[in-house]
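Undergrad: The chain contents come next:
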Amino acid sequence: MMRLHKVLLEEIIWELSSITRCPILEIVLGFFTFIAMLNFSEFSEISSCYMDALLRGYSLHEHLAFIIIVNSEIILFLITSLLSATLFTRGLEFGYLRDELSLPVTRGLIFLAKSTAVFLFLFLSIMIVFLSCLLFLDPIGGISYVVLSHRMLQVIAFVTTEIMLPLSISLLFSVLSRSYLPSMLSSFLFLMGLYFLSPHTPLFQVVFPIATRTLLRDFFSKEDLVSLVSSIAVKWGLSLILIVVSYYYFEKRVEA
Amino acid sequence: MIIGRAGLVLIFLGISTALGLVLNPTIPKMPRTDRTTMNPGETVYTKMFLMGSDHVIRILVPDGFNGSFALLNANGDMEVRKDLSGPVIEHMNLKRRGWYILVINNFSNETAEVTHEIAKTNNPDWSAIFEALIMTCIGLFLFLYGKVSKRFLGR
Numbered sequence: 001m002m003r004l005h006k007v008l009l010e011e012i013i014w015e016l017s018s019i020t021r022c023p024i025l026e027i028v029l030g031f032f033t034f035i036a037m038l039n040f041s042e043f044s045e046i047s048s049c050y051m052d053a054l055l056r057g058y059s060l061h062e063h064l065a066f067i068i069i070v071n072s073e074i075i076l077f078l079i080t081s082l083l084s085a086t087l088f089t090r091g092l093e094f095g096y097l098r099d100e101l102s103l104p105v106t107r108g109l110i111f112l113a114k115s116t117a118v119f120l121f122l123f124l125s126i127m128i129v130f131l132s133c134l135l136f137l138d139p140i141g142g143i144s145y146v147v148l149s150h151r152m153l154q155v156i157a158f159v160t161t162e163i164m165l166p167l168s169i170s171l172l173f174s175v176l177s178r179s180y181l182p183s184m185l186s187s188f189l190f191l192m193g194l195y196f197l198s199p200h201t202p203l204f205q206v207v208f209p210i211a212t213r214t215l216l217r218d219f220f221s222k223e224d225l226v227s228l229v230s231s232i233a234v235k236w237g238l239s240l241i242l243i244v245v246s247y248y249y250f251e252k253r254v255e256a
Numbered sequence: 257m258i259i260g261r262a263g264l265v266l267i268f269l270g271i272s273t274a275l276g277l278v279l280n281p282t283i284p285k286m287p288r289t290d291r292t293t294m295n296p297g298e299t300v301y302t303k304m305f306l307m308g309s310d311h312v313i314r315i316l317v318p319d320g321f322n323g324s325f326a327l328l329n330a331n332g333d334m335e336v337r338k339d340l341s342g343p344v345i346e347h348m349n350l351k352r353r354g355w356y357i358l359v360i361n362n363f364s365n366e367t368a369e370v371t372h373e374i375a376k377t378n379n380p381d382w383s384a385i386f387e388a389l390i391m392t393c394i395g396l397f398l399f400l401y402g403k404v405s406k407r408f409l410g411r
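The listed protein sequences correspond, in order, to chains X and C.
Under the working numbering, the first residue of the first sequence is numbered 1, with each subsequent residue one higher.
Under the working numbering, the first residue of the second sequence is numbered 257, with each subsequent residue one higher.
There could be a bad hint or two in this list.
[Claimed, not checked] Only pairs whose alpha carbons sit at most 35 Å apart, straight line, appear in this in silico DSBU-like list of lysine-lysine: (1) Lys-376(C) - Lys-6(X); (2) Lys-403(C) - Lys-376(C); (3) Lys-222(X) - Lys-6(X); (4) Lys-376(C) - Lys-285(C); (5) Lys-338(C) - Lys-351(C); (6) Lys-6(X) - Lys-406(C); (7) Lys-222(X) - Lys-285(C); (8) Lys-376(C) - Lys-406(C); (9) Lys-351(C) - Lys-285(C).
Think of the hints as simulated: they come from the structure by calculation, not from any bench.
Sequences are here, hints too, so could you generate the full structure?
TA: See the structure below:
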């Protein structure tokens, strides 16, 4: 068991190092930061109690996390499509995957390592940008109040939920396809289609982080809670189904 | 290697932050207006996050209203304090970005509808941009240090 964990960790680090080569990570971080700062707007909360005004309304976390995710949806789709296609389809097209499959590790472990690497790349880049913007905007708050706040857990849950659906769709497209460019393009265009069509359909709650924004709040109504639970259930349910299908296809059908 | 990479990350973060802040005023944003009914003797607190130095406070109260308003910064220092006996527009030059609390008191014996908003002028937050450029310079220093130590010290 320990050996399995070690091998998985080594695989994830190896995959991560291949996708975080020199300017790629920096460009992604720079773009997310630019979007966050460009769209940041001032906000206020009214209260009839001084302590409430001081303590309850510390919503910079909510405001910033929402701004980063909602304004970077398209670039998030592009990066997930690009990375999934690079790790899965490119390896298949150029024969790297054959070398990997000849190693004494299972296909399941390779799938897990690659998909975790894509997830970690996106998650860590968003979290690095979030934390740097948070500390930049509120330096007086300090690390203990801003970074070690319980709201960080809410932000982590929100970011993870928002990454999972595009990631699972991109994974499925990259496992199904055998060529790099068509795989990347089809997955990106499918996600873009969802993005532009969903405002007129019930899919709106699934694609856009409107209902899941409640995750970032401390106080919400019963209706918000119902909407949040249903939105999370649909998002995670769809994502898990797509990941299981991708895993099955990679395990049984992909021939290197 | 790690120092050089950290430096490069800081350079990208600093430049993007500065660029985002320079272009931030070009994105139209609606000023947030709050309206509240104040009972006699009541005090209302509005906590807000403000960026940039130039702001305008607009408070709309009925004629004959007797009260006051004050703006406190995150350290508890009072930036503005004035009596409020009618509608007021106040221009403010804030010291830095961060949390502020606007306190409005109603001293009169009548219930009053109070509307207030703080609007930002279209100037970029130059102090924040300057800090972002300092971050870029620190990144550049780390990057060059990483390059030099790799080349001459073999580390």
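Undergrad: Taking the hints in turn, state whether each one holds.
TA: So, going through the hints one by one against the coordinates:
{"no.": "1", "hint": "Lys-376(C) - Lys-6(X)", "verdict": "53 Å, violated"}
{"no.": "2", "hint": "Lys-403(C) - Lys-376(C)", "verdict": "43 Å, violated"}
{"no.": "3", "hint": "Lys-222(X) - Lys-6(X)", "verdict": "44 Å, violated"}
{"no.": "4", "hint": "Lys-376(C) - Lys-285(C)", "verdict": "9 Å, holds"}
{"no.": "5", "hint": "Lys-338(C) - Lys-351(C)", "verdict": "19 Å, holds"}
{"no.": "6", "hint": "Lys-6(X) - Lys-406(C)", "verdict": "30 Å, holds"}
{"no.": "7", "hint": "Lys-222(X) - Lys-285(C)", "verdict": "30 Å, holds"}
{"no.": "8", "hint": "Lys-376(C) - Lys-406(C)", "verdict": "47 Å, violated"}
{"no.": "9", "hint": "Lys-351(C) - Lys-285(C)", "verdict": "22 Å, holds"}
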